[in-house]
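Engineer: Please dock the two separately framed chains into a single complex, following the hints provided.
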Amino acid sequence: MSTAEKYVTAAYCVVFGLVLLYVVIIALKMQRLERDVEALEEKRPSDG
Amino acid sequence: MARKHRIPLPALAVASLVLVTLALVLVFFVAPNDADQGFSQRIFYFHVSIAFTSYLCFGAGAWKALRHLWKRDPAADLESYVAVHQGVIFGSLVLLTGSIWAKISWGHWWLWSENQLVLFLVLFLFYAAYFMLRFSVDPGPQRANLSAVYALFGVVLVPVSFMAIRLAQHFIHPVVFTRHGAAFGGWILATYLVAQFAVILLAYTLYRVELAGKLLDLRIRALRLA
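Chains as they are written, first to last, in our numbering: chain A, 1 to 48; chain B, 1001 to 1226.
Only chain B is shown next, with the shape it has when bound in the complex (with noise of 0.2 Å):
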C-alpha cells in the first residue's frame, strides 16, 4: 500500500526548516514597509501562502479521491483522507491570521458582510465536516466511497471562494493577483515567491509525516490480526 516516494521525509523536513527561516527573515528584514497598509500588511506574506496551500491541500485530497474511484489505487483513500486534513488545518490558520490582520485593517475580527470571507468559511466547515462523516462510517470501501465522494464535491468550492472577491460588487478585502499580474513587484514580490514556496514545502512535509504515521498504524494493526 506504501508509495515508493523519492525525496526522503529528513531531506524535506531541513528544506522546510531552512526555507520557512529565510522567509521569515525577508517578511521581517528585507521586505520594505508597505506605503498604504505599513507594518500590519507583513502578514500577508504568510496569511495569502497558508491560503493557497489549504486551496492546494483540498485540491490534491479531491484528486486522490477521483484516484480511488476511478483507478481503485489502494493508497488512494488514505492519501486523500491526508490531504484534507492538511487543508483543514491550513484552513484554520487562514481564518486566525485573517482575523487579526482585519482586527488591524478594518477594525473588526470578522466582518458577515464580506462574501472572500463567508465563502472561505463556508469552505472550512464543508470541509471540518467530512471528518464527521467518515469517522461515523466503519472502515472500509463504503467509507473510502463517501469521503471521495464528499472531498470531490468540496473541490467545487474553491474557485467559488477564489473567485468570489473578484466578482464581488462591493468588498474591502484586498485583490493582490489580477489578469494582469500580481499587484507588487520587487522585494515584497520576491518574499511572496519565498513564503508561497516555504508553505507548500512545509503542508508537503506535514503530509508526508501524517502520511506515513497513518500507514505505519494500519501495518501494525495487520500485524496483530496476523
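Just chain A, same shape as in the assembly (with noise of 0.2 Å):
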C-alpha cells in the first residue's frame, strides 16, 4: 500500500468513524429514553 493510499484509507476511515460513534452517542440516549418511558409507565396507575 502506498502512502497516498494509506492517507486516503486513513481519511475514510475518520469519516465513517466519527459517523459510527456519533450514531452509537444517540443509540445510547435512545437507550436512556427507553429506560425513562419504562420508568414513567410503571409509576402510572394501572388502569384495569
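Accuracy of the hints is not assured; some may be wrong.
Covered by chain B, per the in silico footprint, the following chain A stretches (three or more residues, Cβ under 8 Å) [to be verified]:
1) 9-22
2) 27-39
Pairs of lysine-lysine, DSS-like flavour, derived with a Cα cap of 27 Å [what the hints assert, rightly or not]:
3) K6(A) to K1071(B)
4) K1214(B) to K1071(B)
5) K43(A) to K1214(B)
6) K43(A) to K29(A)
7) K29(A) to K1103(B)
Some chain A residues judged to face chain B by a derived CB distance under 10 Å, without partners named [said to hold, decoys possible]:
8) S2
9) T3
10) A4
11) E5
Read the hints as simulated data drawn from the structure, not as lab findings. Even glycine gets a Cβ: it sits at the ideal position worked out from N, Cα and C.
Structural biologist: Okay, structure coming up:
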C-alpha cells in the first residue's frame, strides 16, 4: 500500500469512524430514553 | 411541537446507506486517478461534499433561527440547535479530512497562511462557541432568542469562507468550482455529484434522528412534571 493510499484510507476511516461514534452516542441516548419511558409506565396507575 | 415529516426515518436511513455505498464504490472503483494528484485526490469526493453539507447545515440552522425570531415557530429553536450541531460535526470532519489531504499534497497538516483554511476554522470555532452560549443560559425564551441571534450572525461567515479562496491573491488550495462551472467532468463529476447527494442525505437522516431523540426527551420531561 502506497503512502497516498494509506492517507486516503485514513481519511475515509476518520469520516465513517466519527459518523459511527455519533450513531453509538445517539443509540445510547435512545436507550436512556427507553428506560425513562419504562420508569414512567411503572409509576402510572394501572387502568384495570 | 413535533412536525409531521413526510419521509419516514427507516426509509431515509436505507436510502443514505445505499447512496453512501454507491458513492464509495464510485470513488474507489470507477473514478479515474487525477492526472495531477493521483490517488490522493480521492479524498476530494467526500471532503468537498462534507464541506458543502456543513455550510448547508449552518444555513439551515440560521433559517430555523430566523423562523424562531420572526414567526415564533415553537419547533424552530430546537431544529436550529440540531442543524447547528450537525454543521459542527460535519465541520470537524472537513478539518480532519482537509488536514490529511494537506499532508499528502502540501506536506503540512495545516497552513496558517491559507485564508480558506483559517476562515473555515474561524467559522467552525464560532459555531462551537454556540453551544457554550446556549448551555450557559437556563432553558426558556431567553436562551432560544440568544441562540437564534447567534446562529444568524454566524451564517454571515459562510459566504466569506466560501469566497475567501476566490478573493485571495495567493493560495495553494485548489478551486474546483468557478463561474464557468466545475473544473472537471465525466466520471469525476458524476462521482462527486453522487457523493454530494449521499452526504447531504446522510446529514439529513442524522438530523432527523437527533431531532426525534430530542423531541422524545422533551415529551418525557413534560410527562414527569405532569
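Engineer: Any of the earlier hints contradicted here, and which numbers?
Structural biologist: Hints 3, 7 not satisfied by this model.
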